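Chains as they are written, first to last, in our numbering: chain P, 1 to 202; chain D, 1 to 202; chain C, 1 to 255.
Since the hints were derived computationally from the structure, they do not count as laboratory data. Please read all numbers here as calculations on a predicted model, not as lab measurements. Some hints here could point you the wrong way.
[Claimed, not checked] Pair ranges (Cβ atoms, derived): (1) D/Gln113 / P/Thr24: 51 to 57 Å; (2) D/Val178 / C/Glu97: 17 to 23 Å; (3) C/Phe156 / P/Gly132: 26 to 32 Å; (4) P/Gly59 / D/Ala169: 25 to 31 Å; (5) P/Ser151 / D/Arg158: 52 to 58 Å; (6) P/Ala71 / D/Asp177: 17 to 23 Å; (7) C/Leu125 / D/Ala169: 22 to 28 Å; (8) D/Thr186 / C/Glu97: 15 to 21 Å; (9) D/Ala35 / C/Leu125: 27 to 33 Å; (10) D/Val178 / C/Arg147: 48 to 54 Å; (11) P/Ala115 / C/Arg218: 49 to 55 Å; (12) P/Ala115 / D/Gln113: 52 to 58 Å; (13) D/Gly33 / P/Gly50: 17 to 23 Å.
[Unchecked claim] Which bits of chain C does chain D cover? Going by a derived footprint, with three or more residues having C-beta under 8 Å, they are: (14) 26 to 38; (15) 98 to 106; (16) 110 to 119; (17) 125 to 131; (18) 140 to 153.
Heads up, the beta-carbon is just placed ideally off N, CA and C, and yes, glycines get one too.
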Amino acid sequence: MNAPPDDLVRAVEATLFAATEPLTAAAISAHLGGAVVEPALAALAEHYAGRGIELVVRGERWHFQTAPDLAHLLRRDREEVRRLSRAATEVLAIVAYHEPVSRAEIESIRGVQTARGTLDVLLEAGWVRAVGRREVPGRPVIYATTPAFLSHFGLQSRRDLPGIDELRAAGLLDPVDVALLAALETGPDGTATGNTQENALD
Amino acid sequence: MNAPPDDLVRAVEATLFAATEPLTAAAISAHLGGAVVEPALAALAEHYAGRGIELVVRGERWHFQTAPDLAHLLRRDREEVRRLSRAATEVLAIVAYHEPVSRAEIESIRGVQTARGTLDVLLEAGWVRAVGRREVPGRPVIYATTPAFLSHFGLQSRRDLPGIDELRAAGLLDPVDVALLAALETGPDGTATGNTQENALD
Amino acid sequence: MPLPADSPPGSPPDDEAALVLSLDGWEGPLDLLLDLARRQKVDLRRISILALVDQYLDHIERARALRLELAADYLVMAAWLAYLKSGLLLPREAQEEPSPEELALRLQLRLQRLAAMREAAARLLARDRLGRDVFPRGNPEGLAVDRHQQWTCDWFDLVQAYGQVKARTAPVVHMVRDRMVMTLETALARVSAMLGVSLDWVELRDLLPDQPDPQLRRSALASSFVAALELARLGKAELAQAEPFGPLRLRGVPG
Numbered sequence: 001m002n003a004p005p006d007d008l009v010r011a012v013e014a015t016l017f018a019a020t021e022p023l024t025a026a027a028i029s030a031h032l033g034g035a036v037v038e039p040a041l042a043a044l045a046e047h048y049a050g051r052g053i054e055l056v057v058r059g060e061r062w063h064f065q066t067a068p069d070l071a072h073l074l075r076r077d078r079e080e081v082r083r084l085s086r087a088a089t090e091v092l093a094i095v096a097y098h099e100p101v102s103r104a105e106i107e108s109i110r111g112v113q114t115a116r117g118t119l120d121v122l123l124e125a126g127w128v129r130a131v132g133r134r135e136v137p138g139r140p141v142i143y144a145t146t147p148a149f150l151s152h153f154g155l156q157s158r159r160d161l162p163g164i165d166e167l168r169a170a171g172l173l174d175p176v177d178v179a180l181l182a183a184l185e186t187g188p189d190g191t192a193t194g195n196t197q198e199n200a201l202d
Numbered sequence: 001m002n003a004p005p006d007d008l009v010r011a012v013e014a015t016l017f018a019a020t021e022p023l024t025a026a027a028i029s030a031h032l033g034g035a036v037v038e039p040a041l042a043a044l045a046e047h048y049a050g051r052g053i054e055l056v057v058r059g060e061r062w063h064f065q066t067a068p069d070l071a072h073l074l075r076r077d078r079e080e081v082r083r084l085s086r087a088a089t090e091v092l093a094i095v096a097y098h099e100p101v102s103r104a105e106i107e108s109i110r111g112v113q114t115a116r117g118t119l120d121v122l123l124e125a126g127w128v129r130a131v132g133r134r135e136v137p138g139r140p141v142i143y144a145t146t147p148a149f150l151s152h153f154g155l156q157s158r159r160d161l162p163g164i165d166e167l168r169a170a171g172l173l174d175p176v177d178v179a180l181l182a183a184l185e186t187g188p189d190g191t192a193t194g195n196t197q198e199n200a201l202d
Numbered sequence: 001m002p003l004p005a006d007s008p009p010g011s012p013p014d015d016e017a018a019l020v021l022s023l024d025g026w027e028g029p030l031d032l033l034l035d036l037a038r039r040q041k042v043d044l045r046r047i048s049i050l051a052l053v054d055q056y057l058d059h060i061e062r063a064r065a066l067r068l069e070l071a072a073d074y075l076v077m078a079a080w081l082a083y084l085k086s087g088l089l090l091p092r093e094a095q096e097e098p099s100p101e102e103l104a105l106r107l108q109l110r111l112q113r114l115a116a117m118r119e120a121a122a123r124l125l126a127r128d129r130l131g132r133d134v135f136p137r138g139n140p141e142g143l144a145v146d147r148h149q150q151w152t153c154d155w156f157d158l159v160q161a162y163g164q165v166k167a168r169t170a171p172v173v174h175m176v177r178d179r180m181v182m183t184l185e186t187a188l189a190r191v192s193a194m195l196g197v198s199l200d201w202v203e204l205r206d207l208l209p210d211q212p213d214p215q216l217r218r219s220a221l222a223s224s225f226v227a228a229l230e231l232a233r234l235g236k237a238e239l240a241q242a243e244p245f246g247p248l249r250l251r252g253v254p255g
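With the rest of the complex left out, here is chain P (with noise of 0.2 Å):
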């Protein structure tokens, strides 16, 4: 449909393809037997305007890019559905009951250390976010809930979390532990459990 391209313009296309860096006319030229290239490098750039790919100069060197307004193409999105894991999902409640709250006291209320990746899943998930430093020794960081976190779960406000009393009412704690729990009630001492749930919300 076009007229085929004479013998240099060619060889210089092709030796612009297979090439591993941008190369300056004087080096394709070399490359093709000292032939002049400039006139075959004007014709391929214009050749290409406007095609897939196209022919550019940067700092005197010549090479072939794709298109920059197809840039979006050869980046695919691709979007990955995960359920956030038992240990996150612990996290994230105790964030949302207590916060703000930092590393260690999550530690201390889960009974157990927190993986690094774990609080790292959270915050990229955006349901938590670092808002500021304990001034106490160390001024660790402290978390809370984002606003995303609340339109995940579909809360109008933290207050809509239930508190112990009626997780257990609702049969969301685990049956092994309702004994437990009834023992701890009607302890002497009073509900510490309660207490802290109050006081988190407060």
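Go by the hints and put chains D and C onto chain P.
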């Protein structure tokens, strides 16, 4: 000078250009949001025909490469292509023309044991791979060629293997036992048996 | 490596130096046979097997005369070819299976197949090869796939996780509820006191306290039974039972 390509053609062109390895039409389509890319591929192949770069399909995978007639300009100091031993070349040909084949079948054609390393060279080059086991006693591993083999040797498919049709028509791809039966059945007139006998007894 | 096709036309393999050289080049007896067959300058389908056998045996003889070390498979092939030759030449009374002609044909077919693959390999290598004759793009940008994790979790899991954390980490307190039981000591005292009152047989059931609580009744029965056994062992009481699972009666032994 020529009509500007439409956006899909440009996108396919850029995708193939940026890809580090040959792509199937399906892979290109997946990259471009499921578009039907075959017409664009055909348009591109036609557009590039006769240029210094061409669009080729090898084993259903498409890629751009320099035009073969420009080899002398580009070869220069690029003799990095693997030099194959005679044994490796023969084994490769046998796998390609007879696939899938077991090691024992390769050896029966060559009349010699094949050193372990010979097959390893081909496996390492990515031209041959194990494709399963033959369901006969001993369950030998069987080998076949790969898409990389087709692209390296510039073959669209195994049907393009040089002379494969003639070899098949002449029965030269059949096992000796099969060929022997065929030759014995066709009797003395004009067959190998008759000739051999006559010549042998001259 | 000497290629068979390069041999001068019609050169008989009588040059000993060439022979020594060429023996290094063979990849095995079939390879040598194929080279010899090609020297016949005819289509492989029309080669003379007898001539081929003679040439091969001649080669082997010369190699032996030069005390070249020959791999065993060359000698095995030589023996087999000598047998084949005699089979082809000698008159036969009975038809052997397989016939020498069939063996010769088989050899010929094998040579054809090896030759075909050798030629195919050469044609394959002569193609425009990627990286030697044609080149892919030197510096492709590459296509990237950005993976985004979309995390999901629901209200139920969140709330349940919190409940379980609290339950798991609450201090563990173990409490045993007080249960109404009759201890063995109490039963012993009761039973022996009641046996001292009467010397007649009484049923164990009648000795039990009048108790509405079923748990306490069961406990009293068990303890009183053990108390009766203990008193019998000490010789302070006698036990009697008319039939299995019948009423257990007991009587005090005076003294």
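Results of checking the hints against the structure:
no.: 1; hint: D/Gln113 / P/Thr24: 51 to 57 Å; verdict: holds (54 Å)
no.: 2; hint: D/Val178 / C/Glu97: 17 to 23 Å; verdict: holds (19 Å)
no.: 3; hint: C/Phe156 / P/Gly132: 26 to 32 Å; verdict: holds (31 Å)
no.: 4; hint: P/Gly59 / D/Ala169: 25 to 31 Å; verdict: violated (59 Å)
no.: 5; hint: P/Ser151 / D/Arg158: 52 to 58 Å; verdict: holds (57 Å)
no.: 6; hint: P/Ala71 / D/Asp177: 17 to 23 Å; verdict: violated (60 Å)
no.: 7; hint: C/Leu125 / D/Ala169: 22 to 28 Å; verdict: holds (23 Å)
no.: 8; hint: D/Thr186 / C/Glu97: 15 to 21 Å; verdict: holds (20 Å)
no.: 9; hint: D/Ala35 / C/Leu125: 27 to 33 Å; verdict: violated (39 Å)
no.: 10; hint: D/Val178 / C/Arg147: 48 to 54 Å; verdict: holds (52 Å)
no.: 11; hint: P/Ala115 / C/Arg218: 49 to 55 Å; verdict: holds (53 Å)
no.: 12; hint: P/Ala115 / D/Gln113: 52 to 58 Å; verdict: holds (55 Å)
no.: 13; hint: D/Gly33 / P/Gly50: 17 to 23 Å; verdict: holds (22 Å)
no.: 14; hint: 26 to 38; verdict: holds (count 5)
no.: 15; hint: 98 to 106; verdict: holds (count 5)
no.: 16; hint: 110 to 119; verdict: holds (count 8)
no.: 17; hint: 125 to 131; verdict: holds (count 6)
no.: 18; hint: 140 to 153; verdict: holds (count 4)
Going down the numbered hints, you'll see the structure goes against 4, 6 and 9, while the others check out.
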